[in-house]
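Participant: As they're listed, the protein sequences go chains A and B. Each residue of the first sequence is one higher than the one before, starting from 1 at the first, in the working numbering. Each residue of the second sequence is one higher than the one before, starting from 1 at the first, in the working numbering.
Derived from the structure by calculation, the hints contain no laboratory data. Where hints are given, some of them may not hold.
Selected chain B positions facing chain A (in silico; Cβ < 8 Å) [stated by the list, open to error]:
1. Glu48
2. Tyr50
3. Phe109
4. Asp156
5. Thr184
6. Asp237
7. Asp269
C-beta: ideal position from N, C-alpha, C; glycine also.
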Amino acid sequence: MKKWLIFLILVPAFLFAETGLQIIRKLDQNRGYGTQKYSVKMVIQKGKRTQVKTFTGYGMERGDKSYMEFTNPEDKGVKYLKIKDELWIYLPEADDIMKISGHMLRQGMMGSDLSYEDMMRDEELEESYDVKLVGSEKIRGVVCHKVELIAKVRDALYARQVIYVDKKKPVALKMELYARGDRLIKTMEQFNVKTIQGRAVPMKIEIRDMRRKDSLTTLEFVSVAFDIKVSSRVFTTGNLKR
Amino acid sequence: MKRLGKISGLLFSLLIISSSVFSEEEEKLELNGLLRNDSYVVKTSEPEDYQFYNILENRLILEARRLDWKYYADARFYVYGGESTTLYGDTSVNLMRSFIRYYSSAGDFTAGKTYVNFGNPGVFNPFEFDKSVNFSDLGYAREGLLAIEHFFPWQDTSGLKTYIGTTDPKELMWGISPAVHLGTFNIGLVHNHVGPDNNISGAFFKGDLLVGLQGSWAVHSDDAYKLDYSEASAGIDYSFIDGKLLVNALYYYNEAGAISPSKYIATADTFLLARHYGLFTVSGRIDEFWSVQLSTFVNLIDYSAVVIPSTIFILTNGLSLTVQVSVFTADGNEEFSRKRAGDLVSMIRVEGKF
């Protein structure tokens, strides 16, 4: 009788347990968008020194098309356009548009720990990685699924990722990002999750480059909106000179 | 000083006009500036002989934007010290840009003093009007010219650029350049009439094929389109350690350039008059606040070079410190010889943006 009771308790738990793939699908679904508009404050720290940059941007087709304009006094008017894996930069001082080589997309944006790809590309995890649920762990007191992602396509952003997804919301609270050779290169932690247009959106992200000591880049979303009307002209090189 | 007064007056009146005319939400009126001081110490080839140069640059940028147009002005005021005063006087002023750009369904129209450029921007661009190179700042913006420019876009990254302009009221310049985007490459054609019996025509590309690639080829001809000489450049770039280390190599060929050292060093203090050059650049980011760069210009006829290591520290928001030295490798009658330019040129730059 006791055995039966344990069986009856365990079976539903087994039946309703989420697989790694289901968790990632929910995450992808939550992150996906048709269009996106945002305004960000970026704080770059190294030890006690800090720099503050602000920018606004638009995204389309999960970041396949992305446009950004810096608004802080030092970089005012510097604009970026990314279409798939290509990047163009507009420098107001020269009033000229320059095509940046594709390999530069992995460079830290404006000297930060965040690459242009991290900021402007929103890859679909299910398509780029093999997924494995490896357990559960608490992150800042919140119980999370621990999911391992191994790159299965050549152009995946990272060779391996370990992500900690909130069991109650489709948001990764922490990500450990590994390069080839299984080197941990970055960690990202996401805070202050708000519900915007039915999506769970972390309003603050902290990125640490693990190859640098005392380095921290913080992104704070001042505003973010999804699936708004954005003219396709925004994502053109002609628009950079506007 | 008279010119300075005129420019200040122009900027001030535009500020007043702009602030009174604008009322809609999308309007934007901004005034930004930059203050930069370059101090150079030159160790000449004479024993114990040092020269000091100082250039203080004050930049004022006014930008007014609305949904369908923008006005942009960039005025620069220079104060000279040390030996610089013998070259440029005590002060000078320069209006680099002052243009209105209007956006319409028929394309974007720009009118005023504006920078017109064809081809791949940067050093050794055969289509560049102003081929001067500032060794202490390879990206230093070039002065605009009075022009009306039109850009008609098609698809997302292609378009047709045309302009009519002048640097001398008696002579009109005009040019046309269609550019398309194929695969990962920007590819364009250029025809530019830059003066009487002076036409530049050619093609350029820039893109990716595992590494970054760029190239330009231009022919100079008279008004009967009789070929005079050609110019070309080809470059390759690649980055390592997630973009923290960037390596760039560029070859430049100018058929009109001299092949005899006695000819290309004939004019004192004038460089880059030979037929073949290489430019090699390695730049790296040590951390978020500290970057280093090594640029080397090589004369590929006499193999002399100027090696320019530099480092930039970001002190705080908008404030940076640059330390740079230029070392000339040869000591005979070569282009980059210590006899011509001194044993060592060192520069300290403090730059603040506001």
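Participant: Now tell me, hint by hint, if it's right for this structure.
Facilitator: Checked hints:
| no. | hint | result |
| --- | --- | --- |
| 1 | Glu48 | violated (40 Å) |
| 2 | Tyr50 | violated (32 Å) |
| 3 | Phe109 | violated (11 Å) |
| 4 | Asp156 | holds (5 Å) |
| 5 | Thr184 | holds (6 Å) |
| 6 | Asp237 | holds (6 Å) |
| 7 | Asp269 | violated (25 Å) |
Consistency note: the structure conflicts with the earlier hints numbered 1, 2, 3 and 7.
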